[in-house]
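Q: Sequence:
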Amino acid sequence: MKNLLIILCSLLCYPQQPSIQDFFEEYNCNCESYDNESLFEFFGLDVEDDVTPAIEAINSFCKNARAKDTVQVDHSIGTFSRSIEVEGETREYLIYVPKTYDTIKSIPVMLNFHGWTMSARSQIEVSDMRALSEKEAFILIYPQGTKFWGATHWNVGSWTLGSDAKDIEFIDALIDQIADNYNIDDERVYACGYSNGGFFSHELACQLGQKIAAIGTVGANMSEETANNCNPSHPIPVVTISGTMDEDVEYDGSVPERTLSQEETLEYWRKFNNVNTVPSITNMPDLSPSDGSTVIKYKYVDGDNNSVVEHYKVVDGGHDWPGAFGNIDINSNVIIWDFVSQFDIYGKR
Numbered sequence: 144m145k146n147l148l149i150i151l152c153s154l155l156c157y158p159q160q161p162s163i164q165d166f167f168e169e170y171n172c173n174c175e176s177y178d179n180e181s182l183f184e185f186f187g188l189d190v191e192d193d194v195t196p197a198i199e200a201i202n203s204f205c206k207n208a209r210a211k212d213t214v215q216v217d218h219s220i221g222t223f224s225r226s227i228e229v230e231g232e233t234r235e236y237l238i239y240v241p242k243t244y245d246t247i248k249s250i251p252v253m254l255n256f257h258g259w260t261m262s263a264r265s266q267i268e269v270s271d272m273r274a275l276s277e278k279e280a281f282i283l284i285y286p287q288g289t290k291f292w293g294a295t296h297w298n299v300g301s302w303t304l305g306s307d308a309k310d311i312e313f314i315d316a317l318i319d320q321i322a323d324n325y326n327i328d329d330e331r332v333y334a335c336g337y338s339n340g341g342f343f344s345h346e347l348a349c350q351l352g353q354k355i356a357a358i359g360t361v362g363a364n365m366s367e368e369t370a371n372n373c374n375p376s377h378p379i380p381v382v383t384i385s386g387t388m389d390e391d392v393e394y395d396g397s398v399p400e401r402t403l404s405q406e407e408t409l410e411y412w413r414k415f416n417n418v419n420t421v422p423s424i425t426n427m428p429d430l431s432p433s434d435g436s437t438v439i440k441y442k443y444v445d446g447d448n449n450s451v452v453e454h455y456k457v458v459d460g461g462h463d464w465p466g467a468f469g470n471i472d473i474n475s476n477v478i479i480w481d482f483v484s485q486f487d488i489y490g491k492r
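Count along the sequence shown starting at 1, add 143, and that's the number in the numbering used here.
Rather than coming from a laboratory, the hints here were simulated on the basis of the structure. All figures in this text were calculated on a predicted structure; none of them were measured in a lab. Careful: at least some of the hints might be erroneous.
Stated by the list, open to error - DEER-style ranges, computed between Cβ atoms:
1) Asp-271 to Asn-419: 45 to 53 Å
2) Gly-231 to Pro-432: 51 to 59 Å
3) Ile-424 to Arg-401: 26 to 34 Å
4) Val-477 to Ile-227: 23 to 31 Å
5) Asp-429 to Gly-231: 24 to 32 Å
6) Ile-220 to Asp-429: 33 to 41 Å
7) Ala-322 to Glu-390: 22 to 30 Å
8) Glu-268 to Gly-435: 19 to 27 Å
Note that CB positions come from ideal geometry on N, CA and C, so glycine has one too.
Taking the hints into account, I'd like the entire structure generated from these sequences.
A: And the structure:
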């Protein structure tokens with residue numbers, strides 16, 4: 144304990160020593176996101192040391208820094224956990240801000256939604272877009288769903304019928320919070336998701352279209368409830384990726400219940416966006432014959448506001464995120480970003 148107090152005193156009293164600010168910078172964390180293991184490692188503490196004084200010192204530092212406006216927590220770079228109050232409930236999300244963010248130039252936002260029973264963190268494992276965020280300069284957000292019958296979910300009707308989760312309100316407030324804290328291009332907010340998260344991306348396009356420019360989905364169709372209550376404020380460019388042998392979200396719509404087929408989902412957006420009815424068809428290169436599947440791309444163009452609908456049909460593919468697992472002939476992360484980033488809220492850029 145004596146050694147710990149000496150270290151903390153040196154941190155707070157002698158600026159030439161490694162400081163709490165140095166700790167934040169080295170471990171890519173801030174006042175709201177750090178862990179005890181990092182504290183022990185950076186400050187050279189022993190495992191038997193009580194870390195409480197270190198935490199108290201950090202809290203004191205952060206309180207003073209905020210008062211002096213010297214720590215810009217909301218402009219931190221890296222991956223952080225955030226929360227927001229929505230209609231009396233605390234909702235959470237992960238945010239990744241690329242190193243190129245400088246507060247001067249506005250940058251787009253990608254919302255990436257996890258599947259049924261999953262989490263924001265597990266979606267990073269499925270669809271880690273952080274390297275893409277750095278390359279293309281966009282803020283990346285992984286929202287966290289809530290429990291329904293013991294499983295995390297997004298409220299989309301169908302098998303989630305009966306849920307009272309205020310998910311649309313959550314994302315509406317989340318976008319506002321991000322806009323308050325960062326310099327974002329609010330005409331270029333995109334959504335994508337896996338499975339239930341893909342269903343919810345359709346729901347967002349329908350119910351929050353005034354804030355969503357384009358969407359991408361993987362292993363997802365549209366629920367009947369979403370389709371029956373869909374009222375987008377503008378044409379919504381859509382790209383979908385689905386496997387014909389998906390047993391969790393079946394291509395023909397037979398599972399889950401009250402679900403459109405993939406073809407019916409595409410038809411909905413084809414009609415709404417008023418695109419050409421005859422697609423261009425491309426057989427994608429079979430880069431990995433061992434994955435047991437191939438990909439056919441369908442592209443419908445010349446819609447209102449130059450909107451486009453694209454579909455990647457993974458023949459013999461399952462409930463996968465191509466590029467991460469299952470089919471590896473295509474990279475879903477890149478396909479989705481390359482597609483949606485062509486558009487803003489007004490159409491083709």
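Q: Could you run down the list of hints and mark each one as holding or not?
A: A quick look at each hint next to the structure:
The hinted range of 45 to 53 Å is not satisfied by Asp-271 and Asn-419, whose Cβ atoms lie roughly 35 Å apart. Distance hint for Gly-231 and Pro-432: a CB-CB separation of about 54 Å, consistent with the stated range 51 to 59 Å. As the Cβ distance of Ile-424 to Arg-401 is approximately 30 Å, the hint placing it in 26 to 34 Å holds. Checking the proposed 23 to 31 Å range against Val-477 and Ile-227 shows it holds: the Cβ atoms sit about 30 Å from each other.
Checking the proposed 24 to 32 Å range against Asp-429 and Gly-231 shows it is violated: the Cβ atoms sit about 52 Å from each other. For Ile-220 paired with Asp-429, a C-beta distance near 39 Å keeps the hint of 33 to 41 Å intact. Restraint check, Ala-322 to Glu-390: a C-beta distance of roughly 40 Å breaks the suggested window 22 to 30 Å. One distance hint, 19 to 27 Å for the beta-carbon pair Glu-268 and Gly-435, holds here, with the actual separation near 22 Å.
Figure legend: structure checked against the earlier numbered hints; hints not met, in rising order: 1, 5 and 7.
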